[in-house]
Amino acid sequence: MLALIASNLRHRWGRTALTALGVAVGVTTVVALLAVTAGLSRSAGDLAKLGRADFGVFQAGVSDLTASSLPSSAAARIASVPGVSATSPVQIVPHAIAADPAVLVFGAPLQGALVKRLVLVAGALPRTGEMLVGDRVAQRLHATVGRRLVVAGHRFRVAGIYHSGVSLEDGGVVLPLAVTQRLSGRPDAVSMVAVLVAPGYRDATVERAVERAVPGTAALGDPGEVARVDTNSAVIAKAAVIIAVLAVLLGAVVVVNTMAMAVIERRQQFGLLAVVGWSRSRIARLILGEAVTVSAGGAIAGLGLGIVASDLVVRALAAGTFVSPEITPWVLARGLLVGLALGVIGAMFSFWRVMRIPPLKAISP
Amino acid sequence: MSSSTRASARRTVTEIEGLPDPPVGGSGAAVEVRNVSRRFGPVEALRGVDLDVAPGELVLVTGRSGSGKSTLLNLVGGLDEPDSGAVLIDRRPIWQQANVSVARRDLVGFVFQQHLLLDELTARANVEVPLIGAGVPRSERRTRALELLAEVGLSDRVEHLPSTLSGGERQRVAVARALANRPRLLLADEPTGALDSVTSARLIELLVSLRDSHGTTMIIVSYDPAVRERADRIVTLVDGCIGSARARG
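Protein chains in written order, with my numbering: chain A, 53 to 417; chain B, 668 to 916.
These aren't lab readings, by the way, just hints derived from the structure by calculation.
Since this is a predicted model, take the numbers as computed values, not measurements.
Incorrect hints may have been included.
[What the hints assert, rightly or not] The calculated EDC-like cross-link candidates involving lysine to aspartate or glutamate, where the alpha carbons are at most 20 Å apart (straight line), are:
(1) A:K290 to A:E182
(2) A:K413 to B:E857
(3) A:K168 to A:D98
(4) A:K413 to B:E818
(5) A:K413 to A:E317
(6) A:K168 to A:E182
(7) A:K413 to B:E711
(8) A:K290 to A:D116
(9) A:K413 to B:D747
(10) A:K290 to A:E277
(11) A:K168 to A:D152
(12) A:K413 to B:E748
(13) A:K413 to B:D856
[As the list claims (entries may be wrong)] Computed list of chain A residues with no C-beta within reach of chain B, every gap over 12 Å:
(14) R64
(15) E182
(16) T196
(17) V202
(18) A211
(19) E378
(20) P381
(21) A393
Think of the CB as a built atom: it goes at the ideal place given N, C-alpha and C, for glycine as much as any other residue.
Next comes chain A alone, as it looks inside the complex (with noise of 0.2 Å):
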């Protein structure tokens, strides 16, 4: 059977490569996309938790978070809150960095608990006129300590290069609150405020306590209750379902056509096949397994192609930094299941149809 397999799907080349590429087409495009919606994901989560915060305080209603904007007295409102132990004020500014739009600028006082938790790998913390650069952005950009980086058309030199866990925060800059409200031209503003809670209270109680102090905010600290709050994560996320799932159907009507015009155009074989006494199963196990090898080439390549592609998209998005595409096994393993399932499709949408024709009709000339 292995041997009649490989036979048939080699002397059909053509055909077995065009159903491979129509498996991989779908595989690509659900592997590259929910790699980027799980990396976006991950982003909006990021924000709830910079600083390593237990969790963030954001304007309520925004619909993208890194346009949340609070009054500076929250910062103060915020730590006077029953189990809020330390608080930081941060200011985000996008596109702020010419060298790579992409970098988020974060504004703190670096006496905050936010810039305290930043582990120096190089340098000092900044004085006036310099910065810190996160190992990602640092790397990216090459910025080794005492070089100088233009942000929003002022050169500030690097002074120290950070790791936070938080890889969000790796991919930005740190400047003081007080320069970013002056470059951003909005000097009593915030972005959000990190928070951190005291022990022995639950996050969740101090999160709600904090909403009610402080009318008009959104406190956060799931990442995937970020994900839904910041509904422009949601909307890409919903986008890249929509998308995938055209991709996917795309891809099974060019994998279901085309097995099924090869198996209707070996209509004789098959009719042989019963002919001589194979069974509607073992024809079937035949199908099956031309289908499934196909596929499973096709998705393998797809695995691959997606992977690539999930960083293409990105990087065409100008989105690096921010997004980063995140390959899990499970993200891989949809991504197989997918193509094993167009291949199965296929096969069973072929047999249904090489099956109706009867076997003398089959083998006739």
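Go by the hints and put chain B onto chain A.
Chain B only, in chain A's frame:
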């Protein structure tokens, strides 16, 4: 087929139940065709045909084009279902088998005018195809295919693709394939129709020798005089009925 005629066919078949198990082994199968009719739209291809073929007998079925020869062969081989009447092989109605394909596999071998070999497979692999269907292990498949190809005189062509074989060689591969599952009944529908006279004569000699060595029952539809000379009995169909049946000589 209408539901009433199918029911009639089933009744005919049911009346024959309770017979002892058929013989198992190398001898040919006994074929009984009982009052079989088959209609294709307005055309009555077969009308109440009765025919008995003894084990090991070589029967030539002849008649004019459209007389129902191929239809009869297809009904005997379980490739088509009668509207009424019954076909019994070794006293068992073939259409009452739980799985007709299994019955075909275990009992019947087919040779067609067009050899119907799979182009992408070698002669050996083509002979192995029915054995794959029967679940025969790979090593045994190979051995049996080589033996059969030797028997039909193609030992030196086992790894050749059909496209590199002559018409006669392809038909001999088809004969080897038909015999792969050691059928007790071989049905051949104009097996020499696409061959020249010399190759036809050789193929008929081959079939006769195989019948003599294996005891296989053979029903051959043909116009070929070479078959007429070697058949044990000649059955002539006229307009879907048995016109005459006579022993050779």
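Structure-based check of each hint:
1. A:K290 to A:E182: Answer violated: K290 of chain A to E182 of chain A is near 40 Å, above 20 Å.
2. A:K413 to B:E857: holds (17 Å)
3. A:K168 to A:D98: holds (18 Å)
4. A:K413 to B:E818: Given pair K413 of chain A, E818 of chain B is violated - Cα atoms ~31 Å apart, limit 20 Å.
5. A:K413 to A:E317: holds (13 Å)
6. A:K168 to A:E182: holds (17 Å)
7. A:K413 to B:E711: holds (19 Å)
8. A:K290 to A:D116: holds (15 Å)
9. A:K413 to B:D747: Given that 20 Å is the threshold and the Cα spacing comes to 10 Å, the pair holds.
10. A:K290 to A:E277: Satisfied, since the Cα-Cα distance of roughly 15 Å is no more than 20 Å.
11. A:K168 to A:D152: Given that 20 Å is the threshold and the Cα spacing comes to 26 Å, the pair is violated.
12. A:K413 to B:E748: holds (14 Å)
13. A:K413 to B:D856: With Cα atoms ~15 Å apart, K413 of chain A and D856 of chain B stay inside 20 Å; holds.
14. R64: violated (8 Å)
15. E182: holds (73 Å)
16. T196: holds (63 Å)
17. V202: Fine: 66 Å to the nearest Cβ keeps V202 of chain A off the interface.
18. A211: Since the minimum Cβ distance to chain B is about 71 Å, A211 of chain A lies beyond 12 Å and the statement holds.
19. E378: holds (44 Å)
20. P381: At roughly 37 Å from the nearest Cβ of chain B, P381 of chain A sits farther out than 12 Å, so the non-interface label holds.
21. A393: Holds, since 28 Å exceeds 12 Å.
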